[in-house]
Amino acid sequence: MSLGRRDFLKGLVAGSTLAVLERQARADVGVTASQALPGEPPLLLRTGTLIDQEFFGAAQAVLDAAGVSATESLRLGRGDLAEPQKLQRALQTVRGRCAVGVVEGVHSTLLFELLRSAGVAVLCAGEHVADANPDGGSRHLLLTTPGSHGIAAALHTAVPTAHVEEQALGTPAAAPAAAETIDSSGGWAGVTGGLLSRVALGLWTPARPLDRPRGPDRNRREPIHYYASFVLRVPV
Amino acid sequence: MSSQYLALPEGVSAAQFGKAIAEFRTILGEEHVITSAEVLAPYTKIMLPVDEAQHAPSAAILPANVEQIQKIVAVCNKYKVPVWPISTGRNLGYGSAAPATPGQVVLDLRRMNRILEVDPELCTALVEPGVTYQQLHDYISERNLPLWLSCPAPSAIAGPLGNTVDRGVGYTPYGEHFLFSCGMEVVLADGQVLRTGMGSVPNSNTWQVFKWGYGPSLDGIFTQSNYGIVTKLGMWLMPAPPVYKPFVVRYPKRTDIDKIVETIRPLRIAMIIPNAVVIAGVLWEAGVFVKRSEYFEGDGQIDDASVARIMKDHDLGYWNVYAALYGSQEQVDVNWNIIEGAFKASGGEILTEDQVGDKPTFKYRADLMRGDMNLQEFGLYNWRGGGGSLWFAPVSQSRGSETLKQMEMAQRILKKHGLDYVGEFIVGWRDMHHIIDVLFDRTDPAQVERAYACFDELLTEFAAAGYGNYRTNTAFMDKVAETYGPVKRDVDQRLKRALDPNGIIAPGKSGIYI
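Keeping their order, the protein sequence lines are chains A and B.
Just so you know, the first sequence maps onto residues 11 to 246 in our numbering.
Just so you know, the second sequence maps onto residues 774 to 1287 in our numbering.
Please note: incorrect hints may appear among the correct ones.
[Stated by the list, open to error] One-sided and incomplete, this derived list gives chain B residues near chain A with beta-carbon spacing under 8 Å: (1) Q777; (2) G802; (3) V806; (4) A810; (5) E811; (6) A814; (7) P815; (8) Y816; (9) G862; (10) A929; (11) S1066; (12) F1151; (13) G1152; (14) N1155; (15) T1216; (16) P1218.
None of these hints come from the bench; they were simulated from the model.
Even glycine gets a Cβ: it sits at the ideal position worked out from N, Cα and C.
Based on the provided sequences and hints, a complete structural model is requested.
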């Protein structure tokens, strides 16, 4: 992503609609359809976790700021997440779209197995282990791709008590992450939701991935919560 | 990383690899050759205590038929590009879909998903690699065929071909899957297509009914190996019995494993109990629906008091034996009398389906023992959280003293590393597969380090005591191969060099390289 395109996208956050942005951005900087901007705004995949409010609240705030109106949500219950056929049907409803979501970690294995079988692109995926206390410690292992490199550093910057590690796939960006103001009022869940929705919108500027874990090593008291977050692009 | 690819095969330049990719695209079409990091990301997902980069594929390619695979291996030989074949790739606990070494091209066979034949009279099937157990189950149900499957724990999403060639097990009387396979089709590294057993005889109609053919029987060398790409598998299906009677026998103490095995062995060898019995430890049972943190806050191995509370709260034995009877009412009644007497004499609490009701732990096992789909075991990943899982799988004699010794060894080593004994025994005819799920939190670098060290020590100590693993994950394949000694490794390697001189099929699988 060039600086020009990034500036342009930032301008969008101030006002116009995504559709206008997309057309103009493509015209101005030659963005192809396969790059970050999806044809339709991202869909929020809600699964009723304890962190849904913080995660999707922040995600929605980023979408609102980008002028994405009428955000759609897909709600999945535990039964949907535990049964391959229901989960496959749910993925079909997202065809051709980006989706941002978070699930209880116990469901992530089945979900990722089905994503592979469905040829779904995973722009970013996180595993999160956290204290029951929202102000307590947390640990995060983020799998990033070229369009999401560097978000681990942003998470760590916004939540310094978090232990963060990044597994970066693909050629990494050389530049360090730009200093951006990230709303950390929702704790790690909110920061993650906000960052992932930026990735889904193409508003994230890829930066150099973390080369080693950051944050305190031992920062979790029991009981723990275990979640998996993601940004997906489901093929048509 | 200086190339556009996630990884490159060892010794292959980006330019050479690019040429191979271009030829793959000519063979398969653009959409069936995946090189983008985003679409490859799910192929990199591992549960091992090592970095993803150690198992990162360079690409994934998805052929639709044998002819395409023949063309693919020609390209692989030309550019020395290795492929890592997967059928459905659900080898969870043993490495998932990611290759043993970085840079291999995942040869994803999921598009080859035809059920070629199901014979309801001879009770046989012939399937392609991408067929899932769910698909085969649906096929049988829709046609109302009186046949049962035998499936492993990931059931619905796993496939019979992949599970069988990795010598996986299920829980019905047909639970030793390779034993109940009959005939393979294999694409060799030079592109020739071999049909094993009777399949090499032109116009044979006995490929799926007689295993041995003529001369050396070859099927075994294509299991847990990298000597060919299995593209069809014949398998025997179990006739649906008129009566099915699952039951559980509970025992309260850890050391009861001795008398449990002594009780089961004669019943199993005589086939009074015909199925692959499971002796599930309490944490395997409870871990499916309980989080460790609800009972224990320490960082080390869960203590005995917490385990006792789990048993009490959830009405579980320390050991929970799941078995079943199959057959006519008369057969089941006769065998039930024998079994009931034997288990009661050993001090076990024996409960039938009627007595247990709809308890999820029982339903899960009852489903598996009749080959029904049930993914409940995925709940284990929530026991500790964080996505780490390694299956340690030593073989034991079906002898009480041996299982007790293995269990105590494993508990001691796991405790040293602060990890829990989440274990079960799967009872073969004379052997036991002792399965321990080493669960750990991949977000915790210290725990990742401990999990690696623990698994390594388990392998070392068990091998020193004469116990080999029947199967292992992709991070430890070389080490397990070493435990079988230099002559076995040498023969494995000589076979590899003879059948695949360029080493293009799954280098590193089971520790075998050219």
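Verification of the hints:
no.	hint	in the structure
1	Q777	holds (7 Å)
2	G802	violated (13 Å)
3	V806	violated (12 Å)
4	A810	holds (3 Å)
5	E811	holds (4 Å)
6	A814	holds (4 Å)
7	P815	holds (4 Å)
8	Y816	holds (6 Å)
9	G862	holds (7 Å)
10	A929	holds (5 Å)
11	S1066	holds (4 Å)
12	F1151	holds (6 Å)
13	G1152	holds (6 Å)
14	N1155	holds (4 Å)
15	T1216	holds (4 Å)
16	P1218	holds (6 Å)
Hint compliance for this structure: hints 2, 3 are broken, all remaining hints hold.
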